[in-house]
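Just so you know, we're using my numbering here: the sequence shown kicks off at 1 and counts up by one.
Worth flagging that the hints you see were computed from the coordinates, not collected in a lab.
Accuracy of the hints is not assured; some may be wrong.
[Stated by the list, open to error] Straight line, CA to CA, 25 angstroms or less: simulated SDA-like cross-link-like pairs of lysine to any residue: (1) Lys79 <-> Asn48; (2) Lys55 <-> Ala27; (3) Lys79 <-> Asn66; (4) Lys55 <-> Arg71; (5) Lys55 <-> Pro42; (6) Lys79 <-> Ala27; (7) Lys55 <-> Met82; (8) Lys55 <-> Asp41; (9) Lys79 <-> Asn68; (10) Lys79 <-> Thr26; (11) Lys79 <-> Pro65; (12) Lys55 <-> Ile30; (13) Lys55 <-> Gly13; (14) Lys79 <-> Glu39; (15) Lys79 <-> Trp49; (16) Lys55 <-> Arg77; (17) Lys79 <-> Leu63; (18) Lys55 <-> Ala72; (19) Lys79 <-> Asp41; (20) Lys55 <-> Glu73; (21) Lys55 <-> Thr23; (22) Lys55 <-> Ser70; (23) Lys55 <-> Asn66.
No experiment lies behind these values; they were computed from the predicted model shown.
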Amino acid sequence: MSTPLDRLTQSRGAFLTFAGIITAATAWTIWGGDMFPREPDPTGDPENWTATELKRWLNNRNLMPNHNASRAELVERVKANMRLPPRQ
């Protein structure tokens, strides 16, 4: 007489599902976020960036913008947190 646990361990589908989850978790741990790179930061003058680019720049620096912020507010926040390039 087999128990539910015996039937579960003999099930090929359950085993393959479990193996797939373990494989995916291992791959994510090994390669991390490099496997799915982020979009690069926008460059140039923030006045010319779209609202999406402004929000992405702020999010990449954990400066979470208010979802209701206007474009002008986003531009000001980016400018306030932007580092100037080093002088040569």
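Right, here's what the structure says about each hint:
{"no.": "1", "hint": "Lys79 <-> Asn48", "result": "holds (12 angstroms)"}
{"no.": "2", "hint": "Lys55 <-> Ala27", "result": "violated (30 angstroms)"}
{"no.": "3", "hint": "Lys79 <-> Asn66", "result": "holds (16 angstroms)"}
{"no.": "4", "hint": "Lys55 <-> Arg71", "result": "holds (9 angstroms)"}
{"no.": "5", "hint": "Lys55 <-> Pro42", "result": "holds (11 angstroms)"}
{"no.": "6", "hint": "Lys79 <-> Ala27", "result": "violated (38 angstroms)"}
{"no.": "7", "hint": "Lys55 <-> Met82", "result": "holds (13 angstroms)"}
{"no.": "8", "hint": "Lys55 <-> Asp41", "result": "holds (10 angstroms)"}
{"no.": "9", "hint": "Lys79 <-> Asn68", "result": "holds (18 angstroms)"}
{"no.": "10", "hint": "Lys79 <-> Thr26", "result": "violated (40 angstroms)"}
{"no.": "11", "hint": "Lys79 <-> Pro65", "result": "holds (13 angstroms)"}
{"no.": "12", "hint": "Lys55 <-> Ile30", "result": "violated (29 angstroms)"}
{"no.": "13", "hint": "Lys55 <-> Gly13", "result": "violated (43 angstroms)"}
{"no.": "14", "hint": "Lys79 <-> Glu39", "result": "holds (20 angstroms)"}
{"no.": "15", "hint": "Lys79 <-> Trp49", "result": "holds (12 angstroms)"}
{"no.": "16", "hint": "Lys55 <-> Arg77", "result": "holds (10 angstroms)"}
{"no.": "17", "hint": "Lys79 <-> Leu63", "result": "holds (12 angstroms)"}
{"no.": "18", "hint": "Lys55 <-> Ala72", "result": "holds (12 angstroms)"}
{"no.": "19", "hint": "Lys79 <-> Asp41", "result": "holds (14 angstroms)"}
{"no.": "20", "hint": "Lys55 <-> Glu73", "result": "holds (11 angstroms)"}
{"no.": "21", "hint": "Lys55 <-> Thr23", "result": "violated (34 angstroms)"}
{"no.": "22", "hint": "Lys55 <-> Ser70", "result": "holds (11 angstroms)"}
{"no.": "23", "hint": "Lys55 <-> Asn66", "result": "holds (9 angstroms)"}
Hint check: violations occur at hints 2, 6, 10, 12, 13 and 21; the rest are consistent with the structure.
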